[in-house]
Amino acid sequence: MSSEPADRAPAPGPIRIVQRFVNTVDLEDGADELADAAGLRRWLAGARLLGADARVTAADHARAIGLRGALRDLALANAGHPGDSDAIATVNAAARRAELHPMLTGPAAGTLEPAAGGVDGALGRIVAAVHAGVVDGTWARLKACERDSCRWAFYDASRNRSGQWCSMAVCGSREKSRRAYRRRRARQARA
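Going by the numbering used here, the first residue of the sequence shown is number 1, and it counts up by one from there.
Hints were generated in silico from the structure; no laboratory data involved.
Predicted, not measured: the structure shown is a model, and the values here were computed from it.
Note that CB positions come from ideal geometry on N, CA and C, so glycine has one too.
There's no promise every hint is true.
[To be verified] So the derived label-pair ranges between C-beta atoms look like this: (1) R190 with A116: 52 to 62 Å; (2) G13 with P102: 15 to 25 Å; (3) E113 with D84: 23 to 33 Å; (4) R159 with D53: 44 to 54 Å; (5) G39 with P107: 34 to 44 Å; (6) G51 with D86: 27 to 37 Å.
Kindly produce the complete structure, drawing on both the sequences and the hints.
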């Protein structure tokens, strides 16, 4: 998937940046917008999380890739798969490096803001979006496609929160065909 599936609307509000960040790598074709430190700088600058001339090191890049993987693992947990304590620890570590702290933005509204600058601050804004999604209920609807070769992050807008695939037309169809083939083979093996 190199772009948003046609049968899925993008995630709303702050959680959209998390979805975009997770989907910077296409596991099926290998395309990775964050392939190196320069790619990370371009993406963060394009998302208005970092200045275009900011310094991005190899260590920054490694932390960003780790955070992206952790967020994908947590989106998979939102789809009903077992949670990963290492993923939670990675997200919490990014929050600590960003020095996230609560700020009131109005009489009855608030946000988490990073005290750190640079890449750590930019990644902290992504983690802050996760926290905003937890508060407004959108985080639990950000899921990773159940197809092992895909794992694209999608927003499950279904009433019963039963979405399993990023696209019913592509991954859903392929996965249902694969499962039907396995059932046929199992019946033939028993016969």
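**Request:** Determine whether the Cβ-Cβ distance between E113 and D84 falls within the hinted range of 23 to 33 Å.
**Result:** holds (27 Å)
**Request:** Could you say whether the range 27 to 37 Å given as a hint is met by the Cβ separation of G51 and D86?
**Result:** holds (31 Å)
**Request:** Using the beta carbons of R190 and A116, state whether their distance is inside 52 to 62 Å or not.
**Result:** holds (60 Å)
**Message:** Tell me if the beta carbons of G13 and P102 are separated by a distance inside 15 to 25 Å.
**Reply:** At roughly 18 Å between Cβ atoms, P102 and G13 fall inside 15 to 25 Å, so the hint holds.
**Prompt:** Range hint 44 to 54 Å: satisfied by the CB atoms of R159 and D53?
**Reply:** Distance hint for R159, D53 holds at roughly 46 Å.
**Request:** Given the range 34 to 44 Å, decide if the beta-carbon distance of G39 to P107 lies inside it.
**Result:** holds (41 Å)
Every hint from the earlier list agrees with this structure, and none is contradicted.
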